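A.B. asks: Listed here are the chains, written in short residue letters.
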Amino acid sequence: MTPLLSVENLSVGFGKDEAIVRDVNFSLNPGETLALVGESGSGKTVTCRAILRILPRNAQIRSGTITLHRDGQSLNLTSLGERQLRDVRGNQVSMIFQEPMRSLSPLHRIGNQVSEVLWLHRDASESNAKRQVLDTFERVGFPDPERAYRSYPFELSGGMRQRAMIAMAMVAKPDLLIADEPTTALDVTTQAQVLGLIKDLQRETGMGLILVTHDLGVVANTAEQVVVMHRGRVMESGPAEPLLRSPAHPYTKQLFNAAPSIPAEAKPAPPLQEDDLILQMKGVSKTYSMRSGSAWRSDTLIHACRGIDLNLPRGKTLAIVGESGSGKTTAARIALGAEAPDPGGQVLFRPDPNGAPITVHDMTRAQRTAFQRAAQMVFQDPYSSLSPRMRVLDALTEPLEIHGIGTRSERRERAAAMLQQVGLSGDMLQRYPHAFSGGQRQRLSIARAMMLNPSLIVCDEPTSALDVSVQEQILTLLEDIRDRMNLSYLFISHDLAVVARIADEVAVMRQGLVVEQAPPGTLFYNPKHPYTKALIAAQPTPDIDRPIDLRLVALGAGSPESWPDAFRFSQTVVPSLTELEPGHKVRCHV
Amino acid sequence: MTQLPDGRYVDDAPYDAQASIQQLERRDLDAPNWLLIWRKFRQHKLGLYSGIFLLLSYLMLPFAGFIAPYTPNERLSEHLYAPPQGVNFFHDGAFIGPFVYPIVAEADMETFQWKFVADESRPMPLKFFCEGGTHHLAGLIASDTHLFCAPPGATLFLWGADRLGRDVFSRILYGAQLSLTVGLIGITVSFVLGISFGSIAGYFGGRIDWMINRVIEILRSLPELPLWLALSAAVPSNWGPVSVFFIISVILGILDWPGLARSVRAKFLSLREEEYVRAAEMMGASSSRVIRKHLLPNFMSHLIASATLSIPAMILGETALSFLGLGLRAPAVSWGVMLNDAQNLASIEIYPWTAIPMLPIIVIVLTFNFFGDGLRDSLDPYES
Amino acid sequence: ALPPLQESSFWQDEVTSGDLPAVADRLPDAPLIVDLAAKGREMGHQGGTLRTMVTRSKDIRQMVVYGYARLVGYDEQYNLTPDLLESVENENNRKFTLHLRPGHKWSDGVPFTSADFAYWWQDVANNPELSPAGPPDFLRIDGELPQVSFPDDTTVVYQWSAPNPSFLQTLAQARPPFIFRPAHFLKQYHVKYADPATLAEAVEEARVKSWAALHNKLDNMYKYDNSALPTLQPWMNATSGKKIRQLFVRNPYYHRIDTNGLQLPYIDVIEMEIVAGGLVAAKANAGETDLQGRGLDFRDISILRKGEADGGNYRTLLWPTGVASQIAIYPNLNYNDPVWRDVLRDVRVRRALSLGIDRATINRALYFKLAKPGAMTVLPKSPFFDPALRDAWAAYDPEQANALLDAAGLDKRQGNGVRLLPDGRPMELTIETAGERQEVENALQIITDTWREIGVRLVMRPLDRDILRNRVYSGNSMASVWYGWDNGIPQPYTSPDYLAPRQQEFLAWPKWGQYYQTDGEAGEAPDIEPALRLMRLAHDWDQASTDEARSTAWREMLKIHADQVFGIGILAEAPQPIVVNKRLRNVPEKGLWAWDPGAHFGIHRPDEFFFADDD
Amino acid sequence: MLILRYAIYRFATMLLTLLVVSVMVFVIINLPPGDYLSNQIAELRASGQDAGVAKAEFLRKEYALDRQLWEQYMIWVGFMPGPNGFAGLVQGNFGWSFEFDRPVSEIVGESLWLTVLVNLAAVLFVYMVALPLGVLAAAKSKTWVDYTSAFVGYLGLATPNFLLALILFYYGHKYFDLPIGGLMDPAYEGQPMGWDKARSILIHLIVPTFVIGTSGASAMMQRLRANMLDELGKPYVETAIAKGMSPSRMLTKYPLRVAFNPFVADIGNLLPAMVSGSVLVSVVLGLQTIGPTLLTALKTQDQFLSAFVLMFVALLTLMGTMISDVLLVLLDPRIRYAGRDA
Ligand SMILES: Nc1ncnc2c1ncn2[C@@H]1O[C@H](COP(=O)(O)OP(=O)(O)OP(=O)(O)O)[C@@H](O)[C@H]1O
Ligand SMILES: Nc1ncnc2c1ncn2[C@@H]1O[C@H](COP(=O)(O)OP(=O)(O)OP(=O)(O)O)[C@@H](O)[C@H]1O
Ligand SMILES: [Mg+2]
Ligand SMILES: [Mg+2]
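Residue numbers (my numbering), protein chains in the order written: chain A, 1 to 590; chain B, 1 to 384; chain C, 1 to 615; chain D, 1 to 342.
By construction, these hints were calculated from the structure, which means they are not laboratory data.
All figures in this text were calculated on a predicted structure; none of them were measured in a lab.
All residues carry an ideal CB built from backbone N, CA and C; glycine is no exception.
Wrong hints could be hidden among the right ones.
[Unchecked claim] Quick partial rundown of chain C residues pointing at chain D, CB under 8 Å, derived from the structure:
| id | residue |
| --- | --- |
| 1 | 223 |
| 2 | 245 |
| 3 | 464 |
| 4 | 587 |
The shape of chain A in the complex, shown without the other chains (with noise of 0.2 Å):
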């Protein structure tokens, strides 16, 4: 059988520096998975991307070849002149890029960006495409399809923009599918149902799929061959079952020691002490109004969060589960004053045990300083939240800048010590940030973020991108830091076992609401809510043998319609939050 696609002896390089990916060996058969894993900046969205030849200004392909097989055809992508290749990108090579946010047009809407490719080489009219593209949105879990076609990518958060991504590379059914970390902002239900989708037109049309990812519990779920790369080499690479049972490099076992995991064995903990709350958000809603194209139909509202009570004590991590798309991002914003809550909503910060609260919504220039200087946040995006025209030294040293401290030299001396401290080295202060990986981009949002030493750092998904192994080292980092200078944090993630890890207290979102809470011991232990369960069970382990529950995930993920009485809710009736036990809260009708 001859593979879909084969990559012989790969080199690519930027500028006139060494070769950043070498000597790179693999090859895919259609209907296949092929999952690249490695270390953060090892090379795979470079190797990715040199398969459609979309690579930075500066960079070449050094050596080596890629060919394509199709139809009994084979073409050699290196060497492909631009118009056919035009032909084979989005057609029969379509590619999910990692970082999702800045990879779509912020001026054109969802719908229309993605429909274009079934305009493009499927010559669809405009109605069939919406069709066609209102279903596989429909597929990838967006809950308004709708809303999704007719939205700004600003409008949608992180998780759904990711789904409008691997959307517009699947409507046009391509024969080979390159994602690059499809899933790294979505929740493990959506994941799930995700991953599944994929499966399934790979079982309809044959589509060949090469996964970048960094969850070893997606490789053992999906995976057919593996790919080990670490440093632009390849370290091991061959079918998944027995790489997987066995590893034989030492970087793959390492790797896969580093994978954390849901404690199998859960103790019930005992709920938190909430004497010296650092962070307090009092009935926190937000509602946003979505711009419609036409100048009679009136906007839509969307209710991001619905009335959220959280406190964090100090020196504690809470952590914040939830569905993509359920608020989380919107309730950290808000906790930091990046935004403004509904009227009624309240969020106090304690700066020191004893001192008044401070509203954070409401503050004086002194106390604005202060609180800007003590609370800190990691972007979900980090790619948008830094500066595309400042250097990575410039990003670091800036909030020093900002508050007047220390010197120019001191805070160079900081900021190559911080890049070291997330694994990053020095000589990567000079460069500008696109020209990091995905991960190394999360990385430097890190280290800006701890810059100032701060009290409170708010990290959305600060993980998300990293590989298990880089990802220990910064979980380390910070229970350091946190155990350290008594810091605390408000930790937003989807993967169960990094909040397992980390985590004082658990709350799960869902459509905006807090539907249950507790410290991670007693959630794993005793998981009340049916989205909690489900959650748990689509967590994917890195273990072929124990593959993700599908029906729970199903039965919990599905619209809250379809929940048990007890836990049922709509747009207007909302169960309250009550506590089942102490420190175990669920909404649900008592």
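Starting from the structure of chain A, add chains B, C and D with the ligands where the hints point.
C.D. replies: Coordinates of chains B, C and D with the ligands only, in the frame set by chain A:
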């Protein structure tokens, strides 16, 4: 690379989990930003050469009088409309250094043109470091030494002479002193105003935006024409042409900013919604810092292009104004003034050299353009 | 006896169809018969279209100027001859009896009679709504209005108790005051005669505010923009509204014929195109005009000659201009700054300034030596011309100039050689110009250089024409540049008003002029002897009853001007290029390009020009 | 809905601004000493012809020029009755032109469509040339396409308009038999529109369009190029490439749209800038547009005419800015006009 029996490949190069992370040289780290920009700029050859040319042009300005063989208003009344004279080196096949042939004018009463006949038998060598009309080095030190001048009894019109017998080449050199400086003041004024007001309106939005926009609208709704007419009546008569020109270019600048301000505003209105702006704000960056460090760099290309484009407009602004009785007039010399004299058919068809001042304008504008382009490229993070 | 008349082919169809009477019935009983041979001109034939250009849309009124049909008009020797009138009797400049041509008709065929004069006098000039200020000034002698009577259909009498010596000359101006109107036409719009309802409707339709406004709008004998308004000019406006190309066709009732019995004008149609000022030379060069003076400058001559050489269909003539000076500098004796005023009032200063001008160089640089350098005085064509006056203080003599300035007490100098005023300011003489003519700038440029030698710094300041005028009148400008006297060829009968401090328009004494013009309400009374003397002489001329006496006054006034250098003339008779189609005949080789008297082409009678069949 | 509300709000603002502008226009026009009629009387006297004086005196009274300035303003706008009742701008009466001796509406009406025509041609020219060239120059930056277009553009910029026009006219006539000046063969003037007339207009438009348009075109091209270059590195461009779009379609749909933002902001200025920018060009080229009318009116202080033209241009500007503000919202969904913290 080894192949395991189950079909796996394993890299067999030595693996070091703790591979050292290379350190950047300190020198590089401490390099200030301008140095990094300069390093990138150096690679843009065209931009570099243009920059050097501009630098030389500006350095030449104080010495224009020294380089020019004549003073700007020196009339050789026997040589009206003399055509450009070549400088020769060989006479009768023999090399005798740079020289010119003397020319004599004759009035042709049929065509009403001056006919110039060169006396090819009498080569007259040019003189160097010779005495001529008084000029002022850097506007201060009086001197009558010129780099080169015509031999006594002959003339040296490298680029011909104009209607009053003045040397076009010398006038262009002198004209540069005004054209390359005063006009730029207007650009500066317009940019400072346009950027400040535009960024304030765009960044802050709301009421400030409303106010600034109304001012812009009103400013733009009042056409310039009546203003110029009123101005030409109001300027005190004892003002020299240069100060009038100065005021005019300042006013040109003041009138010019709304357009730029609106572009800046529009761009900032959308840029301010970017996540990195949010991030900076959340770190406590002041508004001016956000504008300077985050917003403006993202609009730099547009600004550089706009600045380049304003240059010809400012140099030529006076030609348009002279229709209204404003603008520079003799005895001040500028390229615009010279072109103004050339604005008739005869200059195009019969005495094309009187329109030569177009050349330096184009050259200057093009070099500014390439210079700006180089600058743009070296500020562009995506360029390597 | 009339020569046998010939019908024009242009109107032949109308005549044949009966829409127009035959030529014999259209002409006055006694048409004006032009003896072309006697004038040294060729007999022509009718037909053809003459293209010419003007630069502003209101310049279609040039057709009234070129047409030059006046009650009385100048001939080429500047003698007044009756034109529309059959004859005129002048009794001591007090009583003028105008005799119309019996049978003379307006261009619409309605007879032209004394009723048309009566209508103007009674219903226009003396109607307070149409003329709030009453009849025009030239009819007022010491405030007295004439007795006007209309004894019969063809006779009009104007009578004053004091002499009105310039009455007839005024009627012959390039822009004459028409003292008659096509009454039959205008009465339709006059309250006194019109049916109120129709009139109200017409007012409404024209979107004006009152009947008077409507009447005024339609009554445009000079503006010539109302094609419905009957005329007596050789060509009548045939285009309604304002167009870029205005057509004028021959007036079928025109009163002049040639000795062959051909009705003038020879040329059937005049096509006047409005073009931008800067393009006239280019279009002339491209052969797009048949007769052109306006809009052309001497500096265009080379390009015109080049066009000729390149096979153009035209030739270019050079006519001297008729102004007393092509360029003249007027030091403002009424300047608001007292120190400067005193300096400028010192005749030695003015003489020195004049002596400091190198007129020969200017002439060479700007006019190929074709103009006549000299002070401001009358041209050789005038009987009062005296070469001595032209040369007075007009030689280039910096030494004498310096001596004069030193003598005037301006003997202190700055480091750079510029003299100091009595109060210590440098002697920077700002000369304001209208900024319309480049030759003025160039001339001033040359003067700047030569004045530097006499320690005077010249600052030139270009302004807009109207602004310049306002600044001078209000005493805000130190000195200005304009043409010399408009009329460079005065005759004894020409009023010397413009030589006396009677007009603010003479830019050297705006306020004295205002004083006289407003009867002392504005301005200042002249207070230096030469000015007062000029005033007296002008009065003498007014009172004089003989040409002798008038000439004496004239001569003395000219002498005073030459001596006092009120206006510093630079050169005169600058050549004006005239582009003439090669086929166009009877255009004089040497004419004077003068506005008044002269009406540019007017006194050369363009109705006698014609197109030869081929070269 | 939001947009509709915004548009209505902007319209109200515009009316308010217009009122302010009207006051300023009136004041500016009356700033120079004297007025048309007194100047004309002076001019008539200057040339020794006092025949027209009577008429001028008549008009002075008829148009209330002897009253207080503020009264004149109120009468002009139509807030106060004049000598002949209410007849101001709001009543649709634009006043009288002394210079042309006709109602302002008649004069303006004629040149208005020519102005629109010339400027539309120029705007079209600007867009048709600048858009593709700017995009091309960016896509092929540092190639001959880029350099040539920059050179030609700057050549146009660095040549004074009049000189450029003269050169084009002269050689255009000499070698291509193009007409010199004017907007159509005078023979077609006042004729109904037909094939030949349209052709004549087109031929006459060549040089003016070129002269008025080059500077605008090259300015827009260079700025567009710079903005495009900025956008070309952005990731969303890569996404578009990955979709397999053809370069031209990709460039115009994505980066161009973002790069266009500053130009949309300036749309408001397009027409008025061309009207006033083309004044001098029109004057020297002899185009019967509103520009020369304005210039003559201003110079001669023909106040109602110039006031009306100025008001008209102001209205264009205000409408332009209004349109551009609304367009901006449509173009870039992120834009909100609210203040920083609202
Ligand atoms: N434009 C660029 N210029 C220079 N170096 C670059 C550029 N883009 C990426 N790199 C470097 O290339 C290396 C490989 O990057 P790549 O994006 O392929 O990593 P990755 O394996 O996808 O990592 P991640 O999992 O973090 O996304 C990184 O070290 C990165 O710093
Ligand atoms: N600016 C905006 N305009 C309109 N709707 C918005 C805007 N920002 C967010 N939303 C909507 O609010 C909801 C919550 O978004 P949010 O970003 O908080 O989700 P999230 O929980 O962070 O999801 P994810 O895990 O996918 O990042 C989403 O439905 C999103 O579409
Ligand atoms: Mg990557
Ligand atoms: Mg989010």
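A.B. asks: Give a verdict on every hint.
C.D. replies: Results of checking the hints against the structure:
1. Residue-level restraint check for residue 223 of chain C holds (minimum Cβ-Cβ distance to chain D is 7 Å; threshold 8 Å).
2. Taking 8 Å as the C-beta cut-off, the interface hint given for residue 245 of chain C holds, the closest approach to chain D being about 3 Å.
3. Below 8 Å, beta-carbon pairs count as interface contacts, and residue 464 of chain C has one with chain D at about 6 Å; its hint therefore holds.
4. The beta carbon of residue 587 of chain C is not positioned within 8 Å of any beta carbon in chain D (closest approach about 24 Å), and the interface hint is therefore violated.
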